[in-house]
Amino acid sequence: MKRLEGIPITTNLYQAIIQEKNEIIKSSLGIDFLKYKFDQIGFNYDQMMNHYSYSIDKIRDIQNSNKVGNTPLVEMKNINKLISKISKKGYGAKIFIKDEACNPSGSFKDRRASLSIHQAKEKGYEGVVCATSGNFGAAVASQAAMHGLKAIIIQEVFDSNKVGQPEILEKSRACASYGAEVIQLTVGPELFFTFLSTLKETGYFNASLYSPLSIAGVETLGYEIAEECQTRFNQFPDAVIVTNAGGGNVTGTARGLIKAGASNTQVIGASVDLKGLHMASDQDFNRKSFTTGHTGFGIPFSINPDRVDVPFSAARPLRYLDRYVLISQGEVFYTTEMLAQLEGMERGPAGNTSLTAAISLAKEMRSDQIIVVQETEYTGAGKHPTAQLTFAKENGVKIMRGNPENNIPGENIIIPENISQLSIKDVDLDYLRGSFINFKVNNKMDKVELTDSEIKFLSDETKWSIDRVKTFLF
Amino acid sequence: MKAIKGDWVEIEKVILEADERVAKLPEDTKIVPLISYVQGFLEKSSNVGDEASIISVIGRRHIGTLVNRKPKFTHHYGQPIQELLTIGRELNAILHEETGGDSHND
Chain Y
1 MKRLEGIPIT TNLYQAIIQE KNEIIKSSLG IDFLKYKFDQ IGFNYDQMMN HYSYSIDKIR
61 DIQNSNKVGN TPLVEMKNIN KLISKISKKG YGAKIFIKDE ACNPSGSFKD RRASLSIHQA
121 KEKGYEGVVC ATSGNFGAAV ASQAAMHGLK AIIIQEVFDS NKVGQPEILE KSRACASYGA
181 EVIQLTVGPE LFFTFLSTLK ETGYFNASLY SPLSIAGVET LGYEIAEECQ TRFNQFPDAV
241 IVTNAGGGNV TGTARGLIKA GASNTQVIGA SVDLKGLHMA SDQDFNRKSF TTGHTGFGIP
301 FSINPDRVDV PFSAARPLRY LDRYVLISQG EVFYTTEMLA QLEGMERGPA GNTSLTAAIS
361 LAKEMRSDQI IVVQETEYTG AGKHPTAQLT FAKENGVKIM RGNPENNIPG ENIIIPENIS
421 QLSIKDVDLD YLRGSFINFK VNNKMDKVEL TDSEIKFLSD ETKWSIDRVK TFLF
Chain S
1 MKAIKGDWVE IEKVILEADE RVAKLPEDTK IVPLISYVQG FLEKSSNVGD EASIISVIGR
61 RHIGTLVNRK PKFTHHYGQP IQELLTIGRE LNAILHEETG GDSHND
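Order-wise, the sequence lines are chains Y and S. For the first sequence, the UniProt record's numbering assigns the number 1 to the initial residue and increments by one for each residue that follows. For the second sequence, the UniProt record's numbering assigns the number 1 to the initial residue and increments by one for each residue that follows.
Excised from the complex, chain Y in its bound form (with noise of 0.2 Å):
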């Protein structure tokens, strides 16, 4: 196979691209970034999060306008009274489902989404292109398509042998099917390039799953969980957990919590523990059975959230979380097959990554507690556990019945086999905390010392306060 002549990408022209993002950026999304910024290592966030002034009342109507949001919140009855035979007395927590299945496209990715099309149509921009490892490539296509807009969605599809996994496969097909032109890619970072060169060429809006407008389309979530949990139970949830991969989902629901008054609900991250599979490696991207939602995004997306297609990104979850759990994924598709037999709802697997959280949690809350998991996903022929197993036997992951505690990623998924051995792991939040401002700091330009704005900055990014930061600093 040869690069053919009239495509002459070069290094140094990967390069000239590179080195123009901030150009393109700019020119995609209408926001200067850089004027955010200030000192070395700061920027102000909450200036940043309000460029584009919509109110929480605007962006419902533009979502509801838009078939998005306002999706049921159900109770988990069968799996509750499940719960309860397996607590201490008095524990057990009650749990909800948001479900976002219910979605045009099938996901919250709508809500983030539908901010961008709208801004996109409202600019007289004639089309959109997002960079994306599935579902929100699928919400950005079913919303470019309600507005009549292009839709160009580059995805990391295939490893070298032009092999790819189911999940990923289907939501390729989902993409198309809203009528968006897929770009498939193999693995690589360099999938970035290729996204600047899409937006250089065609002058189409950044989507960017992580601008303001990204993040302020799911704060209606979060919104939505406290307000129905105050009109049915008179009270705010208790816990609300987020699958975390991007940090997105958590810092757009947590906002809109806070805007709703529920400031004391415990917001509660969910990740797949992936631990020793790299997520660049051509080998290794197929040993996964989780394409979201697991440790290969969450950690270091929240050590540097600055690694993605915007300057400043949005989504910062360590300015959220309160706690971070792991779970493996075996036990992710133990919960899928108990939320269909049970619950009589065929979703997921991967949205089921925070429910499978959510059941290990119920347990250590007391009974008269409510725990909201906060997303359902849509399945379907290649997004289920069946495809995603079958494919992972293929490709020499060992499948059994056993005790999770000795899952190895890449290597084998154990299945529970009782409800009472799934766990979860805890994250140490600080450690992520220490290891975000060790970054920040030594990629310094120079060696001056920070200014008392860097270390509010600092601050606010870790929820620690601003004497913690400066005896970890100095």
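Certain hints may be false.
One-sided and incomplete, this derived list gives chain S residues near chain Y with beta-carbon spacing under 8 Å [unchecked claim]:
| hint | residue |
| --- | --- |
| 1 | Ile15 |
| 2 | Glu20 |
| 3 | Asp28 |
| 4 | Leu34 |
| 5 | Ile35 |
| 6 | Val38 |
| 7 | Ile58 |
| 8 | Gln79 |
| 9 | Leu95 |
Because the hints were derived from the structure by calculation, they are not lab data. All C-beta atoms in this analysis are idealised placements derived from N, C-alpha and C, irrespective of residue type, glycine included.
Starting from the known structure of chain Y, fit chain S onto it as the hints suggest.
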């Protein structure tokens, strides 16, 4: 295989050769090129393996090597997974067992 003008086809193109890729990559990724695949309507009848030009569903032109005429969806539901098949029955057994006084919240 011959593809006719107007056929829905798939093309492949090298975006970056292995030696043009970014420096910080795992060894196994570093040795392979970054490739893209796009589907569209073929502009001129061609054989698989030829350089070909397509128009995507949104009307953009892409040029690359023709690799597939009328590409299929290859993903499916897989096969029933024995390790999952009894979970519903097991959980229902716990749910409906006589609990005596064990259930605290009913």
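- Hints not upheld, ascending by number: Violated hints: none; all satisfied.
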